[in-house]
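Colleague: If you're matching them up, the sequences are chains A and B in order.
With this note's numbering, you'll find the first sequence wraps up at 215, consecutive numbering, no jumps.
With this note's numbering, you'll find the second sequence wraps up at 476, consecutive numbering, no jumps.
Derived from the structure by calculation, the hints contain no laboratory data.
For glycine and all other residues, C-beta sits at the position ideal for the given N, C-alpha and C.
Hints are supplied without guarantee of correctness; some may be wrong.
Reference listing, derived: stretches of chain B covered by chain A, where coverage requires no fewer than 3 residues with Cβ under 8 Å from a Cβ of chain A [claimed, not checked]:
#1 194-202
#2 221-230
#3 295-307
Just a few of them, taken from the derived set where beta-carbon distance is under 10 Å, the chain A residues facing chain B [as the list claims (entries may be wrong)]:
#4 Ala114
#5 Gly116
#6 Met119
Residues of chain B clear of chain A, computed beta-carbon distances all greater than 10 Å [as the list claims (entries may be wrong)]:
#7 Asp315
#8 Ala374
#9 Gln396
#10 His468
In case you want the letters, here they are:
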Amino acid sequence: MWDFIRERQDQLLYNAFQHFSLVMQAVLVASVLAVLLAVVIVRYSWLQGLANALSAIGLTIPALALVGVMLALTGIQPISAFVAVAFYALLPVLRNAVVGLQGVDPTLVESARGMGMSPLAVLWRVRLPLAWPVIHAGVRTSTQMAMGIAAIAAYILGPGLGGYIFTGLAQIGGANAVNYALVATLGIVLVALVADVLLLLLGRLTISKGIRA
Amino acid sequence: MTTQHTTGHTSGISGAEIRLEEVVKRYPGQKTAAVESLSLTIPAGEIVMFVGPSGCGKTTSLKMINRLIEPTSGTILIDGEDVRKSSADELRRKIGYVIQGGSLFPHMTVAKNIAIVPKMLGWDASRVKGRVDDLLDLVGLDPSRYRDRYPRELSGGQQQRVGVARGLAADPPVILMDEPFGAVDPITRQRLQDELLSIQRELRKTIVCVTHDIDEAIKLGDRIVILREGGHIAQYDTPEVVLASPADDFVSDFVGSGSTLKQLSLARVNEVDLRETVTARIGEPTADAVQRAEAAGERSVIVLDDRDRPRGWPWLRQLKGDRIVEPTEDLVTVDERSTLNDALDTMLTSSHGAAVVTGDRDRYIGIVTFDTVTDHMRLLEDRAVEDRAHEQAAGERA
Ligand SMILES: Nc1ncnc2c1ncn2[C@@H]1O[C@H](COP(=O)(O)OP(=O)(O)O)[C@@H](O)[C@H]1O
Ligand SMILES: [Mg+2]
Numbered sequence: 003m004w005d006f007i008r009e010r011q012d013q014l015l016y017n018a019f020q021h022f023s024l025v026m027q028a029v030l031v032a033s034v035l036a037v038l039l040a041v042v043i044v045r046y047s048w049l050q051g052l053a054n055a056l057s058a059i060g061l062t063i064p065a066l067a068l069v070g071v072m073l074a075l076t077g078i079q080p081i082s083a084f085v086a087v088a089f090y091a092l093l094p095v096l097r098n099a100v101v102g103l104q105g106v107d108p109t110l111v112e113s114a115r116g117m118g119m120s121p122l123a124v125l126w127r128v129r130l131p132l133a134w135p136v137i138h139a140g141v142r143t144s145t146q147m148a149m150g151i152a153a154i155a156a157y158i159l160g161p162g163l164g165g166y167i168f169t170g171l172a173q174i175g176g177a178n179a180v181n182y183a184l185v186a187t188l189g190i191v192l193v194a195l196v197a198d199v200l201l202l203l204l205g206r207l208t209i210s211k212g213i214r215a
Numbered sequence: 079m080t081t082q083h084t085t086g087h088t089s090g091i092s093g094a095e096i097r098l099e100e101v102v103k104r105y106p107g108q109k110t111a112a113v114e115s116l117s118l119t120i121p122a123g124e125i126v127m128f129v130g131p132s133g134c135g136k137t138t139s140l141k142m143i144n145r146l147i148e149p150t151s152g153t154i155l156i157d158g159e160d161v162r163k164s165s166a167d168e169l170r171r172k173i174g175y176v177i178q179g180g181s182l183f184p185h186m187t188v189a190k191n192i193a194i195v196p197k198m199l200g201w202d203a204s205r206v207k208g209r210v211d212d213l214l215d216l217v218g219l220d221p222s223r224y225r226d227r228y229p230r231e232l233s234g235g236q237q238q239r240v241g242v243a244r245g246l247a248a249d250p251p252v253i254l255m256d257e258p259f260g261a262v263d264p265i266t267r268q269r270l271q272d273e274l275l276s277i278q279r280e281l282r283k284t285i286v287c288v289t290h291d292i293d294e295a296i297k298l299g300d301r302i303v304i305l306r307e308g309g310h311i312a313q314y315d316t317p318e319v320v321l322a323s324p325a326d327d328f329v330s331d332f333v334g335s336g337s338t339l340k341q342l343s344l345a346r347v348n349e350v351d352l353r354e355t356v357t358a359r360i361g362e363p364t365a366d367a368v369q370r371a372e373a374a375g376e377r378s379v380i381v382l383d384d385r386d387r388p389r390g391w392p393w394l395r396q397l398k399g400d401r402i403v404e405p406t407e408d409l410v411t412v413d414e415r416s417t418l419n420d421a422l423d424t425m426l427t428s429s430h431g432a433a434v435v436t437g438d439r440d441r442y443i444g445i446v447t448f449d450t451v452t453d454h455m456r457l458l459e460d461r462a463v464e465d466r467a468h469e470q471a472a473g474e475r476a
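Chain A on its own, in the form it takes in the complex (with noise of 0.2 Å):
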């Protein structure tokens, strides 16, 4: 398996970065999308009971399912990967940030109106700060996932490394199958943990200690 790996060293480097790439960007897109609507969705009361249902439906959605929707909507193209990656990553965080928002002692938000902070100041200053420890364990979550996803999505011609699994899975009973598919699956975990590590990292630098467990 060393020599397998070293006579694609680079290539494989290439897209481990390429799958890494691909998950940080469609989880930061679905994140901020996802806090959005928690906003919209805690604002309105009967939304709530609406978008606790949608999730839970979307997260049973295979992605091999969702992957060939997007495959007949878009065709073959990489926006069809980011798309079904972000589809994914943005059911964790929405859920996360749905219930850190609802999760803010409504006393606090009223001496924050009692002070004369907008709306806007409210949100930004005191609802989000304090939602943040849950919505980031949401981003955490949905990263992980992301990664598996992302690795199905190389079906529709994603980057990354899930093309090796499939070039494995294809060519099973061939001299280098189990080394595709073993090397890119060991790929994606270390990648994963890469990103967990540095998502813990941001989580040290942006949650307040006065509120970090």
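Keeping the supplied structure of chain A fixed, place chain B with the ligands upon it in accordance with the hints.
Modeller: Frame of chain A, contents of chain B with the ligands only:
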């Protein structure tokens, strides 16, 4: 902030008058209004306590002043100006708001919590920093120790102090408080009440404070508004009058029986004669202090720090070493504006049968003893007997 300048220069009052005119609040779907036509004038520079049973509309009435709740109808004027004239946010930056537990933002340090309103008002950084330190000093927290702490690193009482400092931050003429000391233990509550009185003596703000505790209302209020269901005023008067002549059965039931003990809540420590005793200063030779105490026939001394604040009350035999060291005991003192009732509570926990009395900024003034309080109670009883005799005489004549 013009109010401060128009009302502040003559009498040291920095507060503004508040007027409620036929204010009504009906919540959606409610059959009877939470507040049915409340009219009330709160004089500048006074503490007015809203007191009454739960659900009678105290909080609703309070929040209409800073427009956290918009009245259904009626007008509210602060310093003669309709509160609806400016935006709600602008209005609120000029009104301090302190609620139960302090309600500090847990993700911000003490300094950041206090700085919120000054920053919104555009103060520059150095002015904000100076103000934060001044306020921490005012509420009795050492700025260098506490400014960078987070709320969860503070006790309940300390959090509440910071809450008060935050309410005072931008020097607003009006401060609204909703059950501010409801979440702390009785001894801390008594201290916080004393501190509020001491701060108010300096600042003379207009403070509207909600409580369900009649004793707190009697102690803190220059005036008390006793409310009943629907925000109806049962009585609006000074604590003395409310205690001496309740307007009706509702008020007398709420106030409770006017026993002599309750009357002790009316007399302040500074109305009785305080006793002098021997004091010593941290760092001075122990022998000197002992000599002074023995000459005066005392068996203990009160140890003061360099700012005249009493720090301990050791017996002479407890004084060890060449120099007086900083006492480790947590001395409970009473403010001179405390009620005799509070002083009595404090005495009961002291082995000296007396309590140390402090004035502005916790400076030592003297001590109040059991004898002083019992003398005062006897005086009150004599007076009550006389009053009854007068009434009887008047009744017989009629
Ligand atoms: N947001 C609200 N919606 C509907 N009813 C309310 C609301 N807030 C308070 N009330 C009702 O108005 C009345 C007065 O409440 P409140 O002012 O909180 O009383 P207090 O502070 O004296 O306990 C109560 O009957 C309460 O149930
Ligand atoms: Mg209330």
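Colleague: Hint by hint, say whether it matches the structure.
Modeller: Hints, one by one, checked against the model:
1. Evaluation of the coverage hint for the segment 194-202 of chain B: fulfilled, as 3 residues show C-beta separations to chain A shorter than 8 Å, against a requirement of three.
2. Counting residues of the segment 221-230 of chain B whose C-beta lies closer than 8 Å to any C-beta of chain A gives 3; at least three are required, and the coverage claim holds.
3. Three residues within the 8 Å Cβ limit are the bar, and the segment 295-307 of chain B against chain A gives 0, so the coverage statement is violated.
4. Interface restraint check for Ala114 (chain A): the shortest CB-CB distance to chain B comes to about 7 Å, inside 10 Å, so the restraint holds.
5. For Gly116 (chain A), the shortest C-beta to C-beta distance to chain B is roughly 4 Å, which falls under 10 Å, so the interface hint holds.
6. Contact between Met119 (chain A) and chain B, as hinted, is supported at the beta carbon level, the nearest pair being about 7 Å apart and thus within 10 Å.
7. No Cβ of chain A approaches the Cβ of Asp315 (chain B) within 10 Å, the least distance being about 29 Å, so the stated non-interface status holds.
8. Once the 10 Å rule is applied to beta carbons, Ala374 (chain B) is consistent with being away from chain A; the minimum gap is 50 Å.
9. Non-interface call for Gln396 (chain B) relative to chain A: holds, since the shortest CB-CB distance, roughly 40 Å, exceeds 10 Å.
10. Here His468 (chain B) stays apart from chain A, with its beta-carbon at least about 49 Å from theirs, past the 10 Å limit.
The structure fails to meet hint 3 from the earlier list, while all remaining hints are met.
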